[in-house]
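Let chain F serve as the given structure and place chain E on it in line with the hints.
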Amino acid sequence: MVKSVSYKFSVLGSQVPEIVDLRDLEAPGPMEKVLLACSQLVVGEFFLAHVPRVPVMLFPQLESRGLRWWVHEEADQSALLLIRKEA
Amino acid sequence: MKTGGLSLDQAPPLSVPAGFFLSIPPGILIAACILLVNGTAALASPWADQTLALAHAGTLGVLAMGMMGALYQMTPVIAGAAVPFTRVAHLVLILLLAGLAGFVWRLLGGPAAAMAWAIISFKLSLAAFLLQLGWALLRPATRSETVQGMRLALLSLAAITLIGVMMAAGFSGDSFPQHRVLWVQIHLTLALLGWVGGLIMAVSWQVIPMFYLAPAMDKGTQRWLLGMLLAGLILPMAAMFTAGQTHAGLSPGNIAAIGALPAAVVVWLVHPLLLLRSIARRKRKRSDASLLFWRAGLGTALLLIPVAITALLLPDPRWQVLFGWLAIWGWAALIMHGMLSRIVPFLVWFHRYSARVGLQPVPSMRSLLSQRRIQAGFILHSSSVVIGVAAIILQSDILARLTGLLLAGTAINLASMLIHVLKRTPVGAAPRGRPSSSSPPTLPFPSPPCLPRTRAATGGRPYDYLVRYQRTPSSTFATSNLPS
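The listed protein sequences derive, respectively, from chains F and E. Going by our numbering, 11 is the number at position 31 of the first sequence; the sequence numbering is gapless. Heads up: take any position in the second sequence, counting from 1, add 873, and you land on our numbering.
The set of hints was computed from the structure by calculation and includes no laboratory data. Fair warning: there could be bad hints in the mix.
Simulated DEER-style distance windows between Cβ atoms [claimed, not checked]:
{"no.": "1", "chain 1": "F", "residue 1": "K(-12)", "chain 2": "E", "residue 2": "Q1233", "range": "30 to 38 Å"}
{"no.": "2", "chain 1": "E", "residue 1": "L1146", "chain 2": "F", "residue 2": "A55", "range": "23 to 31 Å"}
{"no.": "3", "chain 1": "F", "residue 1": "V(-9)", "chain 2": "E", "residue 2": "R1157", "range": "29 to 37 Å"}
{"no.": "4", "chain 1": "F", "residue 1": "E66", "chain 2": "E", "residue 2": "Q1244", "range": "40 to 48 Å"}
{"no.": "5", "chain 1": "F", "residue 1": "Q20", "chain 2": "E", "residue 2": "L1142", "range": "46 to 54 Å"}
Over 12 Å on every C-beta distance to chain F, these chain E residues come out as not near it, computed from the model [said to hold, decoys possible]:
{"no.": "6", "residue": "L909"}
{"no.": "7", "residue": "V910"}
{"no.": "8", "residue": "V950"}
{"no.": "9", "residue": "L981"}
{"no.": "10", "residue": "A985"}
{"no.": "11", "residue": "I993"}
{"no.": "12", "residue": "R1012"}
{"no.": "13", "residue": "G1046"}
{"no.": "14", "residue": "M1083"}
{"no.": "15", "residue": "L1142"}
{"no.": "16", "residue": "L1149"}
{"no.": "17", "residue": "I1182"}
{"no.": "18", "residue": "V1230"}
{"no.": "19", "residue": "L1253"}
{"no.": "20", "residue": "S1269"}
{"no.": "21", "residue": "I1271"}
Every residue, glycine too, gets a C-beta built ideally from N, C-alpha and C.
So here's chain F without its partners, still in its complex pose (with noise of 0.2 Å):
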């Protein structure tokens, strides 16, 4: 999985934060959970997860904050996130 996700981000490297699994939350726990995690994260710093679907609603937030992501989405829909926050 770690090859796969570092295959998916290139930005990642052989550094591969832990993937936070939020596929089993209802809307709107998933951005909930992201945007909690996201106002920790401090400079550099990476945030993944394997969310429901493409978060389209929650880019605009996180563009907001400053926080640049990436997303790739799955065949079965699901899609993983990846935010850092930027200095």
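Structure of chain E alone, referenced to chain F:
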């Protein structure tokens, strides 16, 4: 890659869907008053003016309000296309309400001028709505099956508006069109199966997995359902070539009804069964009062084909009234009521609280609306459906008026529920409409200049992110908000 500015600015303000949703309780109250005043006279024949007024209070005053509000909200998110001139939605709502008032007034004995006023209002309101939503849905960034369903629903609305306006002219001093029964049948098919059924199907494919963690329906099945629905909407048109003549013992109205069978089977049999199965297989079987509405509405859908066939075969007009009652107030309105009890708290949470998560304590979405309040709404709504059925079958005046009372109770409960949720604001936020020193909250994160925030800033279409999604040929895709 850039996000292309998928921004909160692109989503409609909460006041747009909220205005439509808050107009639903008055629509229910109008229906309640019609029953309270007219009793069984409003439930005796589908051709009685009071029955037409009751049916249209349900379709225009309740269903259309919820569906139009939902489309304004969902189109930017699901189709990835901003609705142009979103604020025009307020005018659309006012004109729709004015049209409904004139329409009902005329049918309950008002002057012919009331219907003329209603026709003008409906034309303006629905034309503006169709142009706005049509513009967004004709150029979506993603062409998912849900978007195709929304397009089909919108096309059906355009057609029923034309037919409806043509027939309403008969109440404003002009003559009814030739073959009125045939036009009514086509109007009914497009309204109930195309507009209402198409949208319920399309929206359920998004909402059920998202809010209840139920397994999503596979794309192939969704495409098959849409294909059958389309066939069932086109085939009834064949009856227009009969020139009003009976063929093989079948009237043009009956031919149109038979043509609609593929759509009816999809909307009222296959889709409800698949959705009920999906709900039964959801990952977390947490009790949720809004699911009561879904189950009851989908269960009612299963009764509609047998009742419709009985109404076609038997001359007793009560079956036609029963069909309309179950379709409008049972199936469609129950599902809409359930969706409102889930979507409105979600929208309030998203618009008012999500930006504060991690910065201050934020209530959970479920805590915005108590399950008891939703359960009370379900008891009132479902009992009005059941008592209404008894009133139609027994032609009991007392039961008809009791149904009116229950409808009034449903309206009051729904209004109180909507107002309760929509009034919720975060601690420290100023009352709505006034500038606040604490809203939006001060973010501890600087917004980097490299991130495009608005459509103007990117110089391109909004939702560029979704355009890229559509154009990626592989089964998976990746994107980010990294600057180029």
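Identify every previously stated hint that the structure contradicts and give their numbers, smallest first.
Numbers 8, 14 and 18, in rising order.
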